[in-house]
Amino acid sequence: MSPMKTDYEPVIGLEVHCQVRTRSKMFCGCRTQFGEAPNALTCPVCLGHPGVLPVPNREAIVRTIQTGLLLSCDIDEFCKFDRKNYFYPDMPKNYQISQYDMPLCRGGGVTLDRFSFPKDAQDSPCAAARKRVRLTRIHLEEDVAKSTHFETTSGIDFNRAGTPLMEIVTEADIASPEEAFAFLTALRLMLVQAGVSDADMEKGQLRCDCNVSVRPRGQRAFGTKCEIKNMNSISGVRRALAYEIERQIEVLGAGGRITQETRRWDDGIGQTSTMRSKEEAHDYRYFPDPDLMPIKTSDGLLDEARTRLIELPIDRADRYTRAFEVTEYDASVLASDLDMALYFERASSGASNPKGIANYLLNDLLSALTSSGKVIADCPVRPEALRDLVSLIDGGKINSKQAKEVFKEMFETGAAPADIVKSRGLEQVSDTGAIEALARQAIDAHPGPAQDFLDGKASALNFLTGQVMKLSKGKANPKLASDIIERLLRSR
Amino acid sequence: MNLALEPISTLRARLRGREICPRDILAAIRERVEELNLALNAYVHHDWDAAMAEADRADLSLPLGGIPVAIKDVISVRGQPCTCGSRILQGHVALYDATVIGNLRRSGAIPVGRLNMDEFAMGSSNENSFYGPCRNPWDTSRAPGGSSGGSAAAVAAGLAVAALGSDTGGSIRQPAAFCGCVGLKPTYGRVSRYGLVAFASSLDQIGPLTRTVEDAAIVLGAISGHDPADCTSVDTGVPDFAASLGGGVRGLRFGVPKEYFIPGMDPAVERAVRAAIDHLAHEGAEIVEISLPHTEHAIASYYIIAPAEASSNLARFDGVRYGHRAKDATDVIDCYAKTRQQGFGKEVKRRILLGTYVLSSGYYDAYYLRAQKVRTLMRRDFERAFETCDAILTPTAPSPAFKLGEKLDDPISMYLGDVFTIAVNMAGICGISLPCGFTGGAGARLPIGLQIIGKPFDEATILRVAHHYEQTTPWHRERPPL
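Taken in sequence, the protein lines are chains E and W. Residue 488 in my numbering sits at position 488 of the first sequence; the count goes up by one each step and never skips. Residue 353 in my numbering sits at position 353 of the second sequence; the count goes up by one each step and never skips.
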């Protein structure tokens, strides 16, 4: 009998490699940039030439500590760099400068918010659970080069070699591919907003290795794990995990055993396959790098990192729902883009209807930006102008149709909404006397619909209101017009 | 007057007086190299035209203006071969200047030639060189010592005015003792290691080999100083070493460690060193016996730490980016294996194996970590001694220069020859070796070295003591019979 998927539960831990955004490399002065000609960004140090020595990039250390603080890690007073020894053509020195037993950050965690989950899983109970995935550690190391294999030869591009790389290691806390997706999405957003990394998976700035095992539901002991490598998107991680979990359940269900190994994900065919077995595992012979002094984090590094703390996206979203009464979804969309969030906060400051501002921002403003190929940072409509527009609507000064016209002009010219309203003569007529005159005119001109309304046909009122609007050239306050018509008819 | 044999101060005076020009010094050296290098094998490479061109541009107002300094083949000089006496670096031309080379040039000196050495500075006889052994100018059937054998032989034989060497466990001081010249290992962190091809990073230090103490002080002053490119270089002031030479030894207290006079050491060495100690006492110094109790563990712990670091430092020599590459490899792993099999000599392989073993999972604590603890104890030995002493006097090596081939098949006996120098590297302090006599009897007269060990960053004191000893004894005036 084939095993029931639900008889097993997966256990997942992630190792996330993330390039730290710095101007220069981790241990030399070469620039860090993606897409330059091969080996254009190299020097004797990052090529591992005889006699060179590493000098640590302070900025990379500060940014790693900053990341640790944002994720509630503990920062030890003393940390050090170690050498991880193994031979690989991508490694200029055949050892990688990394951190072994004294990493920059320990512990901490990432809370999974509902909207970090994939769209199709946002309504599941686990998306609502706000689970916290614990971190084991974050350490800093140098990235390796990139090999390209041609027909009979291989080329190595050392541009990437020596780029500062954070390794973020989770506990085995992740229970589904969707949680892994949510973890990476939430983490990535945080890294980008904090300015720590550009975290572009396609550029290899964010890479993720997954350790995954399955065990019969209810069993405490972990099953045998496999490590999966080579995913180049967050959805790829989800798919790879789903495939691998299913594979492991099938093997176990058929009475087989899982072999501990490293497996490679092939995104094209959607399968994992054996890359190397555990027997080939390296003994890395870690030892403290004698070329580098221990890092004393209290030597200004920690203080500097503290000055760069930001509000986490999840906290920001919570604040928006709490303080501005916007929906959870809107709050998470706003908080997911720092520029947009700051725009929203400026627009909402002192506003009576932040929710209305959020609506206008996420609908009309966003679509205008999209269709004009602009981003919020160069939005021609100032946040204060958006606030004024929304309060004109709320105050009944213009109707929503007029508002769209006004907004269009605001977006094109950057003019203030009140000026546009005035110059176009759009000010909504809320003078009851004037509207009443027009209402009488409309009723007299259309006795049929007037009678229909009195006979109980509610839609006739809309027709008559439309006539008043026409007579007023769109300036009448429709709500007021409708009220007045109704009053006039009923009082007949 | 042979310019190749003159001290720096004399050359400097004559250069500034326009009696000679830098080319004249280079020409004198070249003449001697052409005459003697075939027998000595001290230089493995030279580019006289480049050196002459640089000499013509030399600024004679600088402290070393126009003075050539010969360079051990382990220190990177832009555009020159840097092969570390190894096959694996054949064909490699350095892309950059080591910091010490930049410092020398800023002092007006001209880096000249590449000097023979034990492969990757691993050895005490210069026999572990891809270029064949360098020979001792006092007796060409004998080793010049190592690993800076080429530097010591060139200086002693007048094939160089001064030379740079490197010292990881005695590689400057022991060859200086064997060849009868002055060799100084500075305090760890005094001189930048940037551009020194690493053997054991936590022990390596570049230093001068010269014929006189004053020359050592001048060259040390030129190469010293904090270097932002070397995190282990220390940001401390560089005193004017040459200016502090005249102080004498009266009122100074010297420790003589009982552990440094061991059974089995050459009687001539013991005699000469004891006589040197008596001489300094006679000159007004106070001599006290001291104990450095952890000396007996020096060699054992050194041969864990140095190979461990070396196994990692030498991993980069894989044929992928530079140097020798095996031609018949089937894949990348095979290429590594064959390249390193062909490229490294026996002693280097022995130490890589040793180092790989002691760092292996499960052995790290028992070997590497334990050796580091012993190292701390050795450092404390010296700290305690320096609470009461201004410097420590010992022999540099337990024997004078041995015969080439004598210890080649007995690595342990070769390792034991470094027993008096290794502790200085392990403790990170400074030491100088200078001639204190000669062996007598039948056969060649062989120089004997006195080692003066100093407090961290107190090179000034050991230079001052060495200078006083030198100026009140005849040994430095002796020249090898070439």
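Since the hints were made in silico from the structure, they are not lab data. In this text the structure is predicted, and so the values were computed from the model without any measurement. Where a beta carbon is used, it is the ideal one built from N, C-alpha and C, also for glycine. A few of these clues could be false.
As the list claims (entries may be wrong) - Heads up, simulated DSS-like pairs for lysine-lysine below, C-alpha to C-alpha not over 27 Å straight-line:
| hint | chain 1 | residue 1 | chain 2 | residue 2 |
| --- | --- | --- | --- | --- |
| 1 | E | K84 | W | K338 |
| 2 | W | K346 | E | K84 |
| 3 | E | K278 | W | K346 |
| 4 | W | K338 | E | K146 |
| 5 | E | K84 | W | K373 |
| 6 | E | K146 | W | K327 |
| 7 | W | K403 | E | K84 |
| 8 | E | K296 | W | K349 |
To be verified - Across the chosen pairs, the derived CB separations fall in these ranges:
| hint | chain 1 | residue 1 | chain 2 | residue 2 | range |
| --- | --- | --- | --- | --- | --- |
| 9 | E | V169 | W | Q341 | 53 to 59 Å |
| 10 | W | K403 | E | M293 | 51 to 57 Å |
| 11 | E | Q33 | W | S141 | 58 to 64 Å |
| 12 | W | K327 | E | D303 | 43 to 49 Å |
| 13 | E | R220 | W | P293 | 15 to 21 Å |
| 14 | W | K327 | E | V169 | 57 to 63 Å |
| 15 | W | D49 | E | K278 | 24 to 30 Å |
| 16 | E | V169 | W | D331 | 53 to 59 Å |
What the hints assert, rightly or not - Some chain E residues judged to face chain W by a derived CB distance under 7 Å, without partners named:
| hint | residue |
| --- | --- |
| 17 | D90 |
| 18 | K93 |
| 19 | Y243 |
Now the hints, each set against the structure:
no., hint, in the structure
1, E:K84 with W:K338, "23 Å, holds"
2, W:K346 with E:K84, "25 Å, holds"
3, E:K278 with W:K346, "32 Å, violated"
4, W:K338 with E:K146, "24 Å, holds"
5, E:K84 with W:K373, "22 Å, holds"
6, E:K146 with W:K327, "24 Å, holds"
7, W:K403 with E:K84, "41 Å, violated"
8, E:K296 with W:K349, "37 Å, violated"
9, E:V169 with W:Q341: 53 to 59 Å, "37 Å, violated"
10, W:K403 with E:M293: 51 to 57 Å, "43 Å, violated"
11, E:Q33 with W:S141: 58 to 64 Å, "59 Å, holds"
12, W:K327 with E:D303: 43 to 49 Å, "56 Å, violated"
13, E:R220 with W:P293: 15 to 21 Å, "54 Å, violated"
14, W:K327 with E:V169: 57 to 63 Å, "42 Å, violated"
15, W:D49 with E:K278: 24 to 30 Å, "58 Å, violated"
16, E:V169 with W:D331: 53 to 59 Å, "32 Å, violated"
17, D90, "10 Å, violated"
18, K93, "5 Å, holds"
19, Y243, "30 Å, violated"
Comparing the model with each numbered hint stated earlier shows that hints 3, 7, 8, 9, 10, 12, 13, 14, 15, 16, 17 and 19 do not hold.
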